[in-house]
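Chemist: In terms of the numbering used here, the sequence shown has 30 at position 28, counting the first letter as 1, and numbering is strictly consecutive.
Each hint can be trusted.
Simulated pairs of lysine-lysine, DSS-like, Cα-Cα distance not exceeding 30 Å:
1) Lys98 x Lys20
2) Lys92 x Lys9
3) Lys47 x Lys34
4) Lys99 x Lys20
5) Lys20 x Lys51
6) Lys34 x Lys22
Simulated restraints on C-beta separations:
7) Gly85 x Glu63: 33 to 39 Å
8) Pro52 x Lys92: 45 to 51 Å
9) Thr88 x Lys9: 14 to 20 Å
10) Asn58 x Lys22: 33 to 39 Å
11) Gly85 x Lys27: 18 to 24 Å
12) Asp23 x Asn56: 28 to 34 Å
13) Gly42 x Lys92: 30 to 36 Å
14) Gly101 x Lys34: 28 to 34 Å
15) Lys99 x Ile61: 38 to 44 Å
16) Arg24 x Thr88: 29 to 35 Å
These are calculated hints, taken from the structure and not from any lab test. All C-beta atoms in this analysis are idealised placements derived from N, C-alpha and C, irrespective of residue type, glycine included.
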Amino acid sequence: MSMLKIKQGDMVKVIAGKDKDREGKVLSVDPKKHRVIVEGINMIKKHEKPSAVNQNGGIVEREAPLDISNVMYLQNGEPTRVGFRTEDGKKVRVAKKTGEVIG
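Use the sequences and the hints to build the structure in full.
Modeler: Here you go:
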């Protein structure tokens, strides 16, 4: 199983699609489908029935998943590719542009 380069909580920039050049925080990652949900990006309208959680139901706007290849990691506001390096016997993510370890 490969380790994904984008994780929950990362700031990313959308590089393809209708929301190109917009930035947001990753809310969730689906490693099996290689999809991410980014806050405020790829908004869709969904019709929901009334339920215990949503008493009224109706049309709800929410984020839809994006393919992970359509987002790029942001470090200090600059998009960068992500690589891996071994440090002290542990595999860590590294920003390709600066060479810094991503925390």
